[in-house]
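For chain A, the structure is supplied; the task is to place chain B on it using the hints.
For the protein sequence lines, the chains are A and B, in the order given. For what it's worth, this note's numbering labels the leading residue of the first sequence as 1, then goes sequentially. For what it's worth, this note's numbering labels the leading residue of the second sequence as 1001, then goes sequentially.
Derived from the structure by calculation, the hints contain no laboratory data. Cβ atoms here follow ideal geometry from the backbone N, Cα and C, with glycine treated the same way. Hints should not be assumed to be uniformly reliable.
What the hints assert, rightly or not - Calculated lysine to aspartate or glutamate pairs in the DMTMM-like style (CA-CA distance at most 20 Å, straight line):
1) B:K1242 - B:D1179
2) A:K16 - B:E1239
3) A:K112 - B:E1239
Claimed, not checked - Listed below are several chain B residues computed to face chain A (Cβ distance under 8 Å; list not exhaustive):
4) L1020
5) A1028
6) A1052
7) S1061
8) V1148
9) I1152
10) R1155
11) P1160
12) I1255
13) I1269
14) A1275
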Amino acid sequence: MTIPFSYVVRNLATRKLTTALTAGGMALVVYVFATVLMLAAGLKQTLVSTGQDDNIVVIRRASQSEVQSGVDRTQAAIVESRPEIATGDDGQKLVSKEPDVLISLPKRDSGKPSNVIIRGVTPVGITLRPQVRIVEGRMFRPGMSEIIAGRAIASGFQGAGVGETIRFASRDWIVVGVFDAGRTGFDSEVWGDAEQMLQAFRRLAFSSVIFRLADPSRYDAVKADLESDPRLTLEAKRETQFYAEQSEALAKFISYLGTTISVIFSIGAIIGAMITMYASVASRTAEIGTLRALGFSRGAILAAFLIEALLLGFVGGVVGLLAASAMQAVSISTVNFQTFAELAFSFTLTPAIVVNSLLFALLMGFVGGFLPAARAARMKIVDALRAA
Amino acid sequence: MFVPLLVVRNALRHKLRTTLTVVGIVVAITAFGLLRTIVDAWYAGANASSSARLVTRSSVSLVFSLPLTYAQKIRQIDGVQAVSWMNWFGGVYITERNFFPQFAVDPATFLDLYPEFVLAPDERKAFLTDRQGAVVGRKLADQYGWKVGDTIPLRGTIYPGTWTFNLSGIYDGIDKSTDQSQMFFHWDLLNERVKKIYPRRADQTGIFVVRLKDPQRAAEVSSAIDATFKNSLAETLSETEKAFQLSFVAMTETILLAIQAVSFVVIVIIMAVMANTMAMTARERGAEYATLKALGFSNAFVAGLIFAESMAIAIAGGVIGIALTFPLAAAFADAMGSLFPIFFVSEETVLMQVAAAVIVGLVAAWLPAWRTSRLRIIDGLRAIG
Chain A
1 MTIPFSYVVR
11 NLATRKLTTA
21 LTAGGMALVV
31 YVFATVLMLA
41 AGLKQTLVST
51 GQDDNIVVIR
61 RASQSEVQSG
71 VDRTQAAIVE
81 SRPEIATGDD
91 GQKLVSKEPD
101 VLISLPKRDS
111 GKPSNVIIRG
121 VTPVGITLRP
131 QVRIVEGRMF
141 RPGMSEIIAG
151 RAIASGFQGA
161 GVGETIRFAS
171 RDWIVVGVFD
181 AGRTGFDSEV
191 WGDAEQMLQA
201 FRRLAFSSVI
211 FRLADPSRYD
221 AVKADLESDP
231 RLTLEAKRET
241 QFYAEQSEAL
251 AKFISYLGTT
261 ISVIFSIGAI
271 IGAMITMYAS
281 VASRTAEIGT
291 LRALGFSRGA
301 ILAAFLIEAL
311 LLGFVGGVVG
321 LLAASAMQAV
331 SISTVNFQTF
341 AELAFSFTLT
351 PAIVVNSLLF
361 ALLMGFVGGF
371 LPAARAARMK
381 IVDALRAA
Chain B
1001 MFVPLLVVRN
1011 ALRHKLRTTL
1021 TVVGIVVAIT
1031 AFGLLRTIVD
1041 AWYAGANASS
1051 SARLVTRSSV
1061 SLVFSLPLTY
1071 AQKIRQIDGV
1081 QAVSWMNWFG
1091 GVYITERNFF
1101 PQFAVDPATF
1111 LDLYPEFVLA
1121 PDERKAFLTD
1131 RQGAVVGRKL
1141 ADQYGWKVGD
1151 TIPLRGTIYP
1161 GTWTFNLSGI
1171 YDGIDKSTDQ
1181 SQMFFHWDLL
1191 NERVKKIYPR
1201 RADQTGIFVV
1211 RLKDPQRAAE
1221 VSSAIDATFK
1231 NSLAETLSET
1241 EKAFQLSFVA
1251 MTETILLAIQ
1261 AVSFVVIVII
1271 MAVMANTMAM
1281 TARERGAEYA
1291 TLKALGFSNA
1301 FVAGLIFAES
1311 MAIAIAGGVI
1321 GIALTFPLAA
1331 AFADAMGSLF
1341 PIFFVSEETV
1351 LMQVAAAVIV
1361 GLVAAWLPAW
1371 RTSRLRIIDG
1381 LRAIG
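Bound-form chain A, shown alone:
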């Protein structure tokens, strides 16, 4: 025989302030837990979706980012001559040799400078990234000091909106367009004509060579060939993997820090639940005695109080998750340690985070409720009845 669920719900409903405070404490913990996981997930998703699976990025061996890398023209030409590279509709080889540099730009809101990636691209380079489309203004014209800015840069940095100018490398560059790259890393970049960039920055070497494979299954062979070629000091990676690796350090940092904080915080919330449940048991001693006298088993009493605690946790978890899901509208921008460049990403709620957060909330309720429930179940009928 089990104690009806409505009895449990009513117990919580009678003491509204206590229930609200306890569930509120848990909701805050769940909120912190969920937002941190959402942040790490958002970062990963942004960078993972930046790459295309059949695109290959070639950079100098052991350089961790495109900005650190250097690929001189001779080496770039050798890569370019690979027969595995796909050809586009107009018969042109789908390969793009790109210089990337970091420039420091002041942010719109704080005026504080941060590093922004400037990428020199070619028309082919743009075809290689089908997710990129111009949402305002127009594409830059080759041979001109014109640039287009990613959505996050245009809104976040001074001088990066359409019609404004940015000064770097002794030139004034006019921003002629804003592009949307579908919430990928490119949203945090500024693009211009590759040859213009090389001249302006007086560089002889490209930073990376990106090409599309005609047959994606040939990846391993191409990689092995390029890396064993004695004329080259390069390494090749799938674009997806290349960008995914760039999210690792920051995502790990965020989720480690966040999980540690959540676990410490949950101690506070569990104690809150324990206090509430102990009080709940203490104030109902006579009631528990009566229930036992009526024939409810120890197990049924234990279950009733555990369910009460789990319900507290569940309410806290749902409230915390609702608050956290509102954070999806927020986008944040910070410097990625690995590339030393600004990256905008948003809080992303995944089904796994929902499940984990609710489990976390239920766990807090269970841990907080177990000892009080056990005390209730262990009571002797006579003593409990006499307590009233």
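Below, chain B alone, put in the same frame as chain A:
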């Protein structure tokens, strides 16, 4: 004597509940202190910087270098006492996980400009004479078990290849705010190798460090330096060392703000727990408080009793929490290694912890105290647990 005794007796009536609440406060205050200390550690570089030093870098961004010939020109500018230069090396020791900063420096001028790095005279001499020599901080040496005379191999990421250095000395910091987890080696060694592999990148340096004759003239001298190189191929940006360090902090400001926000969330959580405890306590003792009032004690006295009990619990938790912060911070710093080179609990953090405990105590007592003082004696006497 009677009132404090009553407060203590009241607080200890539900030993388990009071203990749990105190533990909760201890956890919250400790977590709060640790999070504040993490934020402080972020600013440590900026706080340790000297006001007598300027940093000159390329105006485009830090990844662009400046020609070494600038050193001569900077030295001639009025107000400049000494000039040194350095490059970020970005090498990897065995695996990427072992991160620590490495700089190629001009040893003689560097040691002169940075008196906070203290080297024994013989180690200093060894470093100056050995081109492959390097010095590391005490903390870094302890972390990897390096001893003077060891060979340290690094894999270059910006400067390709494997580089080996002889450990000539281990420096100590002049005080606890000095970063003891860095490595310095000869800039000439780097430049020679760069000359061979990338002739175009030779004789270039990342930043210049300038010591001022008079720290008051920082703004004037930095604009004089920048004016000298205006409209050249490599324009410069000079700022005080502090501003330079703060620009790094600003880049990760979002994360910092999040940690700060979260450190306050923990206080709010514990406030909810504590308020709950006090609400339950006051509710259970409704009849008692009504009796006190019936005996002629004022509303303020009864409210004061609740406040005193709440404060007693909060302060007890606060004191234990603050005491625990110190060993925990030390353990955390050890676990983190060189990620947070400077990590200690500041006085300000302790003061904020005290303030947090007091606020929690006050806020938690406010609602129950208000309710109890408003309680009509007759309702109080009628009420049951």
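Going down the list of hints, with the structure as the test:
A C-alpha spacing of about 14 Å is found between K1242 of chain B and D1179 of chain B, which places the hinted pair at or below 20 Å, so the restraint holds. Of the pairs offered as hints, the one joining K16 of chain A and E1239 of chain B is violated, with about 58 Å between alpha carbons and a cut-off of 20 Å exceeded. Only pairs whose Cα atoms come within 20 Å are accepted, and K112 of chain A paired with E1239 of chain B is accepted, the gap being roughly 13 Å. For the restraint placing L1020 of chain B at the interface with chain A, the shortest Cβ-Cβ distance is roughly 5 Å, inside the 8 Å limit, so the hint holds.
For the restraint placing A1028 of chain B at the interface with chain A, the shortest Cβ-Cβ distance is roughly 5 Å, inside the 8 Å limit, so the hint holds. Interface restraint check for A1052 of chain B: the shortest CB-CB distance to chain A comes to about 24 Å, outside 8 Å, so the restraint is violated. Nearest Cβ of chain A to the Cβ of S1061 of chain B: about 4 Å, under the 8 Å cut. The hint holds. Given hint, V1148 of chain B at the interface with chain A, is violated; its Cβ is 29 Å from that chain's nearest Cβ, farther than 8 Å.
Among the interface hints, the one on I1152 of chain B is violated; its C-beta lies about 17 Å from the nearest C-beta in chain A, farther than the 8 Å criterion. The beta carbon of R1155 of chain B comes within 6 Å of a beta carbon in chain A, closer than 8 Å, and the hint placing it at the interface holds. Contact between P1160 of chain B and chain A, as hinted, is supported at the beta carbon level, the nearest pair being about 6 Å apart and thus within 8 Å. For I1255 of chain B, the shortest C-beta to C-beta distance to chain A is roughly 6 Å, which falls under 8 Å, so the interface hint holds.
The closest approach between the C-beta of I1269 of chain B and any C-beta of chain A is roughly 5 Å, which is under the 8 Å cut-off, so the hint is satisfied. Interface hint at A1275 of chain B: satisfied, since its Cβ lies 6 Å from the closest Cβ of chain A, which is below the 8 Å cut-off.
Of the hints listed earlier, those the structure fails to meet are numbers 2, 6, 8, 9, in rising order.
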